[in-house]
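Student: If you're matching them up, the sequences are chains A and B in order. Take 1 as the starting number for the first sequence in our numbering and just add one per residue. Take 328 as the starting number for the second sequence in our numbering and just add one per residue.
Just so you know, these hints were derived from the structure itself, not from any lab. Bear in mind that the values here come from a model prediction, so they are computed numbers and not experimental data. Worth double-checking, as some hints may not be accurate.
What the hints assert, rightly or not - Computed far set for chain A versus chain B, every beta-carbon distance over 10 Å:
no.: 1; residue: A21
no.: 2; residue: P166
no.: 3; residue: E223
no.: 4; residue: R257
Claimed, not checked - So, partial list: chain B residues that the calculated Cβ filter (under 10 Å) puts toward chain A:
no.: 5; residue: S419
no.: 6; residue: P422
no.: 7; residue: A425
no.: 8; residue: Q441
no.: 9; residue: L828
Said to hold, decoys possible - Partial pick of chain A residues on the chain B-facing surface, computed with a CB cut under 10 Å:
no.: 10; residue: L7
no.: 11; residue: F224
no.: 12; residue: L225
no.: 13; residue: K226
no.: 14; residue: R229
no.: 15; residue: R241
no.: 16; residue: L247
no.: 17; residue: L248
no.: 18; residue: D319
Just so you know, even glycine gets a beta-carbon here, dropped at the ideal spot from N, CA and C.
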Amino acid sequence: MTFRRFLIKRTAIAAILTLVAVSVIFATLRMLPSDPFSGLVASGALTPSQVEELRALYGLDEPIWVQYLKYIQNLFTFQFGLSLTQQRPVSEIIGPALLNTMVLLLPALITTAIVSSLAGMYAGWNRGSWFEQFSIITTTFFRATPIFVTGIFLLIIFSYGLGWFPAFGMRSSMANPEGLAATYLSVDFLKHYILPFTATVLFYSGDFLMLARNSVVERKGSEFLKLHRAKGLSEMEQLGRAGRNSLLPLVTYFALRTGMLFQGVITLEVVFAWPGIGRALVQAILNQDYPTVQAAVFIMALAVIVMNLTADIAYARLDPTVEAGDV
Amino acid sequence: MSLLEVNDLKIKYRTSEEDVHAVNDVSFSIGEQDNYGLVGESGCGKSTIAKTILGMLDDNGEIAAGSVKFKHRELADLSESEWQDIRWEEISYIPQSAMDSLDPVMTVGAQIRQAIHKHRDTTKAEADERVAEVFEIVGLDPARTSDYPHEFSGGMRQRVTIAMALVLDPDLIIADEPTTGLDVIVQDKIIDKLLEIQDEVDSSMLLITHDVGVVAETCDEVSVLYGGKVMEQGATYDVFMHPTNPYTMGLQNAFPVVDEFDEQAISIPGSLPELTEEPTGCVFRNRCPFATEECEDGHPPLTANGGQLSACYHTDKADEMREAAAEPETWGLEGGDDRETSHEPGDVILETDGLEKWFKQTQSFIDDMRGAEPDYVKAVNGVDLTVRQGEILGVAGESGCGKSTLGEVIAALQPRTGGDIYIDGTSVDDLLAESTKKFRSQVQFIFQDPFDSLNPRQRVKAAVAEPLKIQGYDQETINRRVRETVSDVGLNPPEKYLDQLPAQLSGGERQRVAIAQALVLQPKLLICDEPASMLDVSLKANILNILREMADKRDIGIVYISHDLASLTQIANRLAVMYLGRVVEIGDTRDVVQNPRHPYAASLLAASPQTDPSVNRQRVLLPGEPPNPVNLPGGCNFAPRCPKASEECRQAEPKRSAFEDGGHEAACYFPVEDVETELLAQYARNRGQAKVQSAKEESIEESVEGE
Ligand SMILES: Nc1ncnc2c1ncn2[C@@H]1O[C@H](COP(=O)(O)OP(=O)(O)O)[C@@H](O)[C@H]1O
Ligand code: SF4
Ligand code: SF4
Ligand SMILES: [Mg+2]
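For reference, chain B alone in the conformation it holds in the complex (with noise of 0.2 Å):
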């Protein structure tokens, strides 16, 4: 029996323009106790199918036609009150932005208690009891109920709003992107979390995601949407294995994977479709590599096609689009093979020699009267690092580990506390002594989010001219280096783009002009701080792919900082990974991908979700996160959440030689060999000691209670 069936659903939202066609004729059911999934980028009405099953939608939007059944009752016209009584007694919600999902003002066991006496007679004793239980299964303290949000770091939240979906059993959870935003390990984590709570208690779940990888490890049944409309829908396995729909296979080919090096990343040209009206031919055909004029006549309706249903034309040809899906040329990119080979880094452009970069931690008035040393958080911590023209030199790293400091003080958009800098062997203090607009020429920055760098008022043609004025070039040579620049950035014909004004373009759009910007002073040294990672998989590739080709073009260098290990994978000739403001292993890509040698960098990188579902990756539950960089103890860093420390660990720092071969380092006295055994496998049993420590502590005091 299926606990939730939607079907034939259609859902408007009402603008002061024209209406929003946000999801036409979407039908899929769930299960009991199953996990499915709904995949798509952002736009495609995911989060609208999720607020329709929760009776949440906006104000302006309305159910047009369609049923949602839950357990036989239809849901679409209870009153407010009814819902009140459905909402968390029978489905849950577990929300995307954990950070901002909490009540600041209240404590979060008062959070979950308030859903428990809401929807049951119990008393405050039986309700903290509860809570204790489900803090403990999502591995919070449960000692930390009486907490506020502030206080935890973001996984913590967001455990705690799963704490919070579980706390009455409900029958449905669902769950909106509840990783987005998280770093990969932490990702890994509450992935693992949910899929126990999965196997140990019998909700099912609703899982929503842009994340291709992570659907294609956790959920059993999937529908792929675009525009409104499902694309594809059956077993996960099926869909992710042998796509038949273009839409699919577009998407996943362009989520980045780790191990894929060098391969020109794809990305689906264009944009989303209005969705101001319903579709009168298949959503996807102004962006589908393989639309012919059949495509026109009205969306495809979903038809079986091997174990899964597809809304294609062109189901039959499955094999050969698969096949010419995984060509870069076939989504309209120029071939990029013979680009390893016609390149060889240049001189060196960048040169850091043990950059520092310490906050000092505000201190009482009277520690400062007594002269007390403060605390210093050490952001950027002795960094030594060389970026040659042409090559792009990736930093990765979890939130909080330095990275974007280190970025903003190499621009010297911050004071640097100690070490050296030197742009194409000058110092950076002789440069900005001479000419700090020279400096700035030479040295560009590129922020992450394309919706707050540029001007809202300022056209395109203005805002990729600023720089150029700026530095007193004259009117002619800047129409034609705008005019330029701005095609480089694959904004073409530049007409169509110069006399428009931020708010027209699309968010990759955005990201380009501000490319632009950066490029059109032709530095020597661009430095990315997340360029990318606000945008759609299906764009992110585009950036990736134009920044790779000015790097080679104009022999630019490029420090690219992210997050996002699988995009620097693709784009970067060297990798540097950081934690606690020290570089702990830096090497080739390839090097450092397939053979990390520091345990820190090698878990990082195997906690990357895979969108292939053959693949059965062992999850990397590194304990703790990573503490805050003040007071740290002697030794190594990592030594506290190291299931390799020893003491040798503890008593000296390893310097960044320690593991060496050729260009590739590792901050490490014990350099990883073996990822799965040594690691992997060793934080498992760790966890599951810890498991076995508590259950058996339980045991002791239910026998104490028995007697």
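Here chain A stands alone, though its shape is the one from the complex (with noise of 0.2 Å):
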């Protein structure tokens, strides 16, 4: 099968695969017993009439397939119409929590990715040395404390403790900044970046760096390398041979990861009072915000979908083999 033909395979596959995911949320959202509104009515707040006319504003009123169809041409024109509690376009609420979010979580995990890579492949390479076991007794410590645990000790330790860095936000209550350069360029962001980043870094540390020391072992004994040892390459040489044989996992692991970027995010936003999306999507349903949180997920969701199909991608373009098979 060529490239061409597998790429588009691909992408209808995941075009389905979102498809499904927010009919999913649809049908979630609308089998809940009650709407936001119907609470308001009980708490005497809006009359009936007055209901019928939000609902209508929101399009509550017409049939349900009639709903479905608009919001499946919404979300997929990324129109996620008005928050029901915030009076404002959900995009004005998710857009800069989502950017913060990533400002947050993609460096983290692309500096986890390559760094804790390298040391697993040096790990791997030099089996049974300290260097090894130190750096998987570590790794391993993080991964298995949930984030949120080493989010609090960051904080009791640097943050109370020493009082190097703020406990609290993105930026200090002060400052005011104007524009993208002015937030996230300032040594006041930074200075509230280091732990939450650091947390994240230290959880994701320990896949990466049992994969990468895994697959080195793995090829370690292999015949290709005894082929390029004989050929009078020098250790560092075929180490690199090595991880570029090593690639293709890490690469694989690396989309998926991002791809459930989101997945603990939750519980980190909130430590550290991260006003990402993950902090974004808790309010909307504490609010019965339906836009919000159908607009939250949606994007989580495609986010998984797209990683996986980059991962996909990406493993057809790092292992020769997945062109000619059957794919």
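Hints given; two lone chains; assemble the complex.
Tutor: Okay, structure coming up:
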């Protein structure tokens, strides 16, 4: 199968999966016994006729399949509508929150992927060394500890104890930056950034380290490395080839991990009071703010699916045999 | 002047229990432009020596004594960076398993270029040019240098590694089992290539192999190794013409040769010595039929005897020993002379009629939707066979010809696509419908790998009893039958083996347990897929003998599937040769081997190496490799490679009975009369032409460049 055909097939599958995911969200939310407005009626804040008007405004009075079609159409054109509780477009709530999350998680993930993988490869190559044992023990420890626990400890030590870093939020309450550059490129931001960043890096380091180590260990006795050695390659060059051959599982895992980026994000953002998408989702659920919940979940689902697709493509690109095989 | 001198080399491996003395006082030397052979069975230390010469001993290995001098320079105390300069520049290496010796994520061209850049200061263009050159030398298309390893077949990958070994014009090339695992025809072409290269470039070669035939045909000088010791050393011709050492004799006689029929295969009893201490007596003494008390007094020194050196106290009686060694009785085997006469095959036990197994190729979703007819791999394509009681039918063919699929389909391990199978006159479908259990008790299967086929936690007793338990026999019968069968397959006394775990058994013993497992239900039909191909020659013969005996004694019909023609001719009553899913020739083994009529069968038979160094065999340079059996063109499948093909062959496919003489059939319109002139000479000529052609093109190019 050619790479093009492979790509088309995978993209189609990804699109279908996304559709299924958002349909499930739709169904789940509609199956909840109440909507936010009935709550308002019960508390006497609105009259039933006012509620009818509101429902019409949000399209909630239409037949369910019309709602569904509109919902799908809107999601896939990234029109998330108005928030039910905050009187502003959902995209205005979700957009900045998403950006904040990305700014925190992506660099952390990339850093840990690169650093831990390299360390893992080195550890695998020098099997039985103290470096190997030490690195495995530490990273496994952080992997086993929930991210918010690590977070709390970091806060206790470096923020409350040593007072090096602020404990709360993304910027100090004084700062009121304008524009992206001023928001994300200030010393103040960096101070707030370091602890949650460190917690994330530590949390994910174990996976990459073990994966890299194991694949290098697996390759180490291989015939092709023997031949590389016989050709006169130096130790580091051989490790380089072993590393290149281990790249496949690593990149795949990186892509999958990025897709599941939002998994641990809720507790992390709550502990550090980071104004990201996780916190936004929690608030929206508490407020029964359908459109915001739908949008947040859609984006998270989309991330998983898109990154799975990326993983597939990376796989095909990195492994010359995939293209020929029946994918 | 000698290029490489190995003197009194001792190599030890440290392990958690005891040290392994893998190589003990080995000396030999290789001159310039020499082909030197190291031959011996697995574990004799061949690879250890090779790795030492490359400075690549495993981490737990060390040179305990002795020296390795290359161009008068001691290699034993080089540092790793000094080694890095010598490797490939002066000593290169052709690995055994070309299948996984190439970096899977690097194009083959890049892998070869890497070797050039590592040692020479060249531009990429110059390196590319050199890569193309060596590709040409080994007979690969230079346009394919940017392909990845998986895009090549096994034989072609081995050519890539040979090209790589040549690229820097090293002084010494070490080839560790370069043809093991390749099909005979491919092996023959690779050997031909190696010899041709040997003529053209002036590297020396150290060829390491367990295959007596390959050494006998390629090397000028040879050392026969056993248990880390040199047993015999000298000119290949002398060593294999007049062996003076009992081990050499055993090895050579155990090695099956295609045109030796019905001779009971010779196997060396016992197993390899433990190498946990330095030998205190002759290393071969516990398996040697000529051992005397004297043989306990330390390993015998290598002494000159005729043209060669031999390590044996009794070399003065070499002639007598040689004569005795040809008799199976000498090696503790019962005489097999009365076998052929005593036996007439009985009733037909297996019959297949137009048996087919097609595998659907995966196709795109859209083609599926359009209802396009998918492509099929016709792995088994209209096969008619019969097997009688007490008869062994050999099925031969190269990898991919469909022989394993055929075996699995007959054993109902895979569903068939078409045709019929009858066991004892009843259709397999009826048997299976009646009772799967019963069918399984009548038809048994033995797999290739003795290491995978046994459960590592199950003792021999439990393993052999399991099929009986499943069939619901009572405990007493089970015990009796298990003991009988274990003893029948030559594990005697049974008590010694019943409570052992697979890990405590040698490879040969494990395979015998697997056979016992298959035989314990007293099946009518036994299907063996390469049951001995993982075993050393001295043990292989043993398995063959057991199967032969079972067929004779218990009247079992056996289908023996193998790519190893020599083993097949020893054991099979009738032989079927497969090509691309079809049986192209079938008949009594003797008829097929002595008078093959189908050009493919004839080529396959002619490609088996000979252990007799006085035979000058012409190589089989059959062009190409078997194509993938998808969408084959009409007409004879072999036509694209057949030197005798004519228009008629491409028109319609020949029936299997196109040639018929008694039970001997061949699917060919123009049956072969004389293999040498009609085929081998023809192949050589065609290839010569192809070469002249490319040489011409080259000279034209050169003259163009010259202007
Ligand atoms: N790394 C190792 N550690 C311990 N024993 C080894 C090691 N490599 C090989 N051996 C042992 O050394 C002996 C010779 O092995 P090898 O040179 O591979 O033989 P061959 O290539 O002739 O099959 C065998 O007994 C084998 O089990
Ligand atoms: S020395 Fe003795 S045991 Fe060794 S090969 Fe000669 S006869 Fe056999
Ligand atoms: S039928 Fe023709 S092409 Fe086929 S094997 Fe015979 S001679 Fe060759
Ligand atoms: Mg070996």
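Student: Any hints from earlier that this structure breaks? Give me their numbers in increasing order, please.
Tutor: 3, 9 and 10
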